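All chains, full assembly: derive it from the sequences and hints.
Chains as they are written, first to last, in the UniProt record's numbering: chain A, 1 to 248; chain B, 1 to 248.
Since the hints were derived computationally from the structure, they do not count as laboratory data.
Since the model is a prediction, treat every value here as computed from it, not as a measurement.
One or more of the hints may lead you astray.
[As the list claims (entries may be wrong)] Okay, the calculated beta carbon distance ranges per label pair: (1) B:Pro35 with A:Arg213: 58 to 66 angstroms; (2) B:Ala223 with A:Pro17: 52 to 60 angstroms; (3) A:Pro17 with B:Gln92: 17 to 25 angstroms; (4) B:Ser173 with A:Asp205: 53 to 61 angstroms; (5) B:Leu221 with A:Thr201: 45 to 53 angstroms; (6) B:Asp102 with A:Asp205: 50 to 58 angstroms; (7) A:Leu137 with B:Gly172: 33 to 41 angstroms; (8) A:Arg46 with B:Gln215: 31 to 39 angstroms.
[What the hints assert, rightly or not] From chain B, some residues computed to sit far from chain A (all C-beta separations above 10 angstroms): (9) Asp31; (10) Gly80; (11) Gln182; (12) Glu183.
Glycine included, each C-beta is placed from N, C-alpha and C at the ideal position.
There are 2 protein chains.
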Amino acid sequence: MSSEKSCVVRHFRYYHPLSDEDIKLLARLEDSATPVRAGTVLWEERDEAHEFCTLKHGWAFSYRELENGTRQILEIYLPGDIIGLREFAFSQRLAGVQMIEDGEVCFFPHRNLVDIFRQSFTLTSILFAIASRQQVLLTERLVNLARRNARQKLAHFILEMFQRLRQTEANGSDSLRLPLSQEILADLLGLSPVHVSRTFTALNDDGLVFRERYQVKIPDLEALKQEAGFDDRYVIENMRPLFDDKES
Amino acid sequence: MSSEKSCVVRHFRYYHPLSDEDIKLLARLEDSATPVRAGTVLWEERDEAHEFCTLKHGWAFSYRELENGTRQILEIYLPGDIIGLREFAFSQRLAGVQMIEDGEVCFFPHRNLVDIFRQSFTLTSILFAIASRQQVLLTERLVNLARRNARQKLAHFILEMFQRLRQTEANGSDSLRLPLSQEILADLLGLSPVHVSRTFTALNDDGLVFRERYQVKIPDLEALKQEAGFDDRYVIENMRPLFDDKES
DNA sequence: CGCTGTATTGACATGCCTCAACAAGTGTGG
DNA sequence: CCACACTTGTTGAGGCATGTCAATACAGCG
Numbered sequence: 001m002s003s004e005k006s007c008v009v010r011h012f013r014y015y016h017p018l019s020d021e022d023i024k025l026l027a028r029l030e031d032s033a034t035p036v037r038a039g040t041v042l043w044e045e046r047d048e049a050h051e052f053c054t055l056k057h058g059w060a061f062s063y064r065e066l067e068n069g070t071r072q073i074l075e076i077y078l079p080g081d082i083i084g085l086r087e088f089a090f091s092q093r094l095a096g097v098q099m100i101e102d103g104e105v106c107f108f109p110h111r112n113l114v115d116i117f118r119q120s121f122t123l124t125s126i127l128f129a130i131a132s133r134q135q136v137l138l139t140e141r142l143v144n145l146a147r148r149n150a151r152q153k154l155a156h157f158i159l160e161m162f163q164r165l166r167q168t169e170a171n172g173s174d175s176l177r178l179p180l181s182q183e184i185l186a187d188l189l190g191l192s193p194v195h196v197s198r199t200f201t202a203l204n205d206d207g208l209v210f211r212e213r214y215q216v217k218i219p220d221l222e223a224l225k226q227e228a229g230f231d232d233r234y235v236i237e238n239m240r241p242l243f244d245d246k247e248s
Numbered sequence: 001m002s003s004e005k006s007c008v009v010r011h012f013r014y015y016h017p018l019s020d021e022d023i024k025l026l027a028r029l030e031d032s033a034t035p036v037r038a039g040t041v042l043w044e045e046r047d048e049a050h051e052f053c054t055l056k057h058g059w060a061f062s063y064r065e066l067e068n069g070t071r072q073i074l075e076i077y078l079p080g081d082i083i084g085l086r087e088f089a090f091s092q093r094l095a096g097v098q099m100i101e102d103g104e105v106c107f108f109p110h111r112n113l114v115d116i117f118r119q120s121f122t123l124t125s126i127l128f129a130i131a132s133r134q135q136v137l138l139t140e141r142l143v144n145l146a147r148r149n150a151r152q153k154l155a156h157f158i159l160e161m162f163q164r165l166r167q168t169e170a171n172g173s174d175s176l177r178l179p180l181s182q183e184i185l186a187d188l189l190g191l192s193p194v195h196v197s198r199t200f201t202a203l204n205d206d207g208l209v210f211r212e213r214y215q216v217k218i219p220d221l222e223a224l225k226q227e228a229g230f231d232d233r234y235v236i237e238n239m240r241p242l243f244d245d246k247e248s
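What follows is the structure, encoded as structure tokens:
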């Protein structure tokens with residue numbers, strides 16, 4: 001089993017058991033990992049799009065740059081995530097992608113995904129489920145940006161990351177490493193860096209979030225969820241079985 | 001050809017030609033249309049989710065209600081759209097759906113979509129493309145909400161609708177029917193209804209958008225795009241062919 | 001013809017932004 | 001191992017876009 005080695009396989013398994021056949025197909029998505037340094041831009045908006053990539057190590061983010069000089073960060077990618085699914089149907093990149101830390105990525109052509117559609121019903125369903133979930137998370141972020149104040153936005157984002165990290169690195173700790181500068185947080189949450197700083201100290205003063213450097217501690221998870229209006233209905237545990245299990 | 005009758009088939013054909021086989025499969029998604037009155041709630045958040053539906057006539061929207069009493073509208077659905085794709089992988093509804101006008105909808109079980117995965121590679125690819133595009137639109141909305149001021153938000157939304165309507169009802173006119181109250185617009189754009197009203201009059205004063213009742217006229221499309229920071233890179237014309245055409 | 005929901009307008013409040021100065025950490029080369 | 005530059009975070013003062021509340025106008029509909 002190459003199962004332990006591949007974070008993509010691990011990722012997919014959350015949704016449904018995989019046959020050896022499927023694992024072999026997936027393995028092709030992780031050919032030839034290439035190391036990348038922090039700050040590297042994997043691609044920019046409007047570049048030609050012929051490939052996806054999977055993230056093996058390190059964090060990355062995707063972003064859009066606006067005509068008014070601001071930048072909106074759309075997505076934080078963690079190890080095991082597939083980057084670029086969004087553009088599946090487009091010939092141009094619609095968002096840039098940049099590495100946050102040193103890491104490793106594996107590029108693979110669009111073609112491979114289409115092959116998966118052709119060859120594996122299970123993987124197709126899982127991919128659809130992943131896309132569906134991604135959209136749900138995106139929706140939640142949209143609500144967060146549109147309807148909440150700075151305090152809630154920040155709290156909510158921290159909780160989202162906490163939950164996503166839990167899913168893969170399940171340790172029962174009450175803290176997480178969040179290697180994001182306040183500028184990045186600002187660009188994520190539609191705030192100014194200055195206000196992110198103020199908001200952090202406010203949350204700190206109220207004993208909801210303690211942070212030093214990139215380490216964030218959540219002393220009272222429930223209190224923070226309350227504050228953020230956080231709702232974990234979209235955690236993976238609430239997802240349904242993808243299909244009645246008649247074939248693998 | 002049942003092509004002219006079915007708006008779902010028409011919708012799918014934008015992405016790729018369909019075989020008769022595929023059309024038959026799709027037809028099952030449009031069994032038994034049921035009429036629904038304006039204001040009808042098709043389902044609410046947290047309802048059990050066993051089915052999708054396609055919209056045959058009329059407009060609908062999906063929404064989330066927040067703990068703080070506000071509501072965020074996520075999506076406006078037009079005839080031909082599939083409603084509920086978002087929840088494909090979930091067992092609960094994550095958003096409510098309500099009709100804006102009288103219309104007609106067709107429910108069909110999740111099962112049917114899974115059958116499509118099993119039986120038609122072409123339709124699977126198209127569905128993936130639709131999901132991909134939906135996500136791109138959602139992303140654009142997110143940017144709009146996070147980064148733009150009220151003027152731009154409203155202008156941008158009008159342009160998005162203008163473009164979507166063009167795609168199906170291609171008439172060269174410079175105006176569109178937008179049967180949305182200012183309260184709905186406010187809930188879409190993360191503004192207060194009061195401010196929507198002010199923004200409309202501001203756009204009117206500047207000669208960018210003329211509106212009376214639900215009829216909206218755009219005298220200078222380019223000027224409005226400029227104002228809104230609107231970017232049509234994600235129009236359907238920029239989408240790539242889904243696969244090398246070896247089978248239907 | 002009045003009733004009910006929808007839109008407009010004004011006065012005032014406020015959350016977040018901007019600018020600017022300063023502090024604290026981080027890395028680099030001598 | 002220190003000195004310096006650079007990046008990142010903190011704090012304060014003042015401004016502005018948008019929100020809230022409330023009163024009025026308007027439109028569609030029975």
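Here is what the structure says about each hint:
no.: 1; hint: B:Pro35 with A:Arg213: 58 to 66 angstroms; result: holds, 60 angstroms
no.: 2; hint: B:Ala223 with A:Pro17: 52 to 60 angstroms; result: holds, 56 angstroms
no.: 3; hint: A:Pro17 with B:Gln92: 17 to 25 angstroms; result: holds, 23 angstroms
no.: 4; hint: B:Ser173 with A:Asp205: 53 to 61 angstroms; result: holds, 56 angstroms
no.: 5; hint: B:Leu221 with A:Thr201: 45 to 53 angstroms; result: holds, 46 angstroms
no.: 6; hint: B:Asp102 with A:Asp205: 50 to 58 angstroms; result: holds, 53 angstroms
no.: 7; hint: A:Leu137 with B:Gly172: 33 to 41 angstroms; result: holds, 39 angstroms
no.: 8; hint: A:Arg46 with B:Gln215: 31 to 39 angstroms; result: holds, 35 angstroms
no.: 9; hint: Asp31; result: holds, 21 angstroms
no.: 10; hint: Gly80; result: holds, 17 angstroms
no.: 11; hint: Gln182; result: holds, 16 angstroms
no.: 12; hint: Glu183; result: holds, 15 angstroms
When each numbered hint is compared with the structure, no violation occurs for any of them.
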